[in-house]
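Kindly produce the complete structure, drawing on both the sequences and the hints.
Number of protein chains: 2
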Amino acid sequence: MYIIAVYDVAAERTPKMLKLCRAYLHWIQNSVFEGELSEVQVKELVYKAKEIMDESYDSFILFKSRHTYHMDKQLIGKSLNDTDQFL
Amino acid sequence: MYIIAVYDVAAERTPKMLKLCRAYLHWIQNSVFEGELSEVQVKELVYKAKEIMDESYDSFILFKSRHTYHMDKQLIGKSLNDTDQFL
Chain A
0 MYIIAVYDVA AERTPKMLKL CRAYLHWIQN SVFEGELSEV QVKELVYKAK EIMDESYDSF
60 ILFKSRHTYH MDKQLIGKSL NDTDQFL
Chain B
0 MYIIAVYDVA AERTPKMLKL CRAYLHWIQN SVFEGELSEV QVKELVYKAK EIMDESYDSF
60 ILFKSRHTYH MDKQLIGKSL NDTDQFL
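From first to last, the protein sequence lines are chains A and B. Each residue of the first sequence is one higher than the one before, counting from 0 in numbering that gives the first Met the number 0. Each residue of the second sequence is one higher than the one before, counting from 0 in numbering that gives the first Met the number 0.
Hints are computed from structural coordinates only; laboratory data are not their basis. The model shown is predicted, which means the values in this text are computed figures rather than measured ones. Built from N, CA and C at the ideal position, the CB exists for glycine as well. You may find that some hints are simply not true.
Said to hold, decoys possible - Once the Cα atoms are required to be at most 20 Å apart in a straight line, the calculated SDA-like pairs of lysine to any residue come out as:
id : chain 1 : residue 1 : chain 2 : residue 2
1  : A       : K42       : A       : K77
2  : A       : K47       : B       : K72
3  : A       : K72       : B       : K77
4  : B       : K72       : A       : K77
5  : A       : K63       : B       : I27
6  : A       : K15       : B       : I75
7  : A       : K77       : B       : D57
8  : B       : K63       : B       : G76
Unchecked claim - Here are a few chain B residues that face chain A, going by a calculated C-beta distance under 7 Å:
id : residue
9  : D7
10 : K15
11 : N29
12 : V31
13 : E35
14 : M52
15 : E54
16 : I60
17 : S64
18 : M70
19 : Q73
20 : L74
21 : K77
Below is the structure:
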């Protein structure tokens, strides 16, 4: 299924969350990712995110759509492709 | 249509972008919003965002779906409803 994932975690946990999300999804903005995942991959991602997160402080939201074609994406401003120096 | 909006802008422009997005959408995470907007409202939002943004530096992404029921949302961790002290 098509996934949009956004996290908001404390700075000290950001590198781990970034690395985790990039292992499963495409990085499209600061803390925003998208991609196609199976049900099993979604469960893995959530399980691993919970291991990193402090759930009383951090937040991680997954939007799930059965079909990519239901979502149009509009980008205003800079693409993350221009900022690969952060990798 | 159902909209998910995420921005990544320089700190000095964050208050204006937050205020703008909250005028059109529900605030669900640090820089993440969702809601139902008409085509006209989407155009207004994009127009006003461009007035605030430095498009060579900032980024604003809109995901658009014809129908809310195509998207499931899963929240792990803290809901923004618990953090109204930032308002």
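Structure-based check of each hint:
1. A:K42 with A:K77: Measuring from Cα to Cα gives roughly 31 Å; hence the hint is violated.
2. A:K47 with B:K72: With Cα atoms ~18 Å apart, K47 of chain A and K72 of chain B stay inside 20 Å; holds.
3. A:K72 with B:K77: Distance ~26 Å between K72 of chain A and K77 of chain B Cα, so the pair is violated.
4. B:K72 with A:K77: violated (26 Å)
5. A:K63 with B:I27: Cα-Cα ~16 Å, so holds.
6. A:K15 with B:I75: Distance ~16 Å between K15 of chain A and I75 of chain B Cα, so the pair holds.
7. A:K77 with B:D57: holds (6 Å)
8. B:K63 with B:G76: Cα-Cα ~25 Å, so violated.
9. D7: holds (4 Å)
10. K15: This interface hint is violated because 14 Å lies over the 7 Å limit.
11. N29: holds (4 Å)
12. V31: holds (5 Å)
13. E35: violated (15 Å)
14. M52: At about 5 Å, which falls below the 7 Å cut-off, the nearest Cβ of chain A leaves the hint on M52 of chain B intact, so it holds.
15. E54: holds (4 Å)
16. I60: holds (5 Å)
17. S64: holds (5 Å)
18. M70: holds (5 Å)
19. Q73: The hint holds - Q73 of chain B has a Cβ within 7 Å of chain A, the shortest such distance being about 4 Å.
20. L74: The hint holds - L74 of chain B has a Cβ within 7 Å of chain A, the shortest such distance being about 5 Å.
21. K77: Nearest chain A Cβ about 5 Å off; hint holds.
Of the hints listed earlier, those the structure fails to meet are numbers 1, 3, 4, 8, 10 and 13, in rising order.
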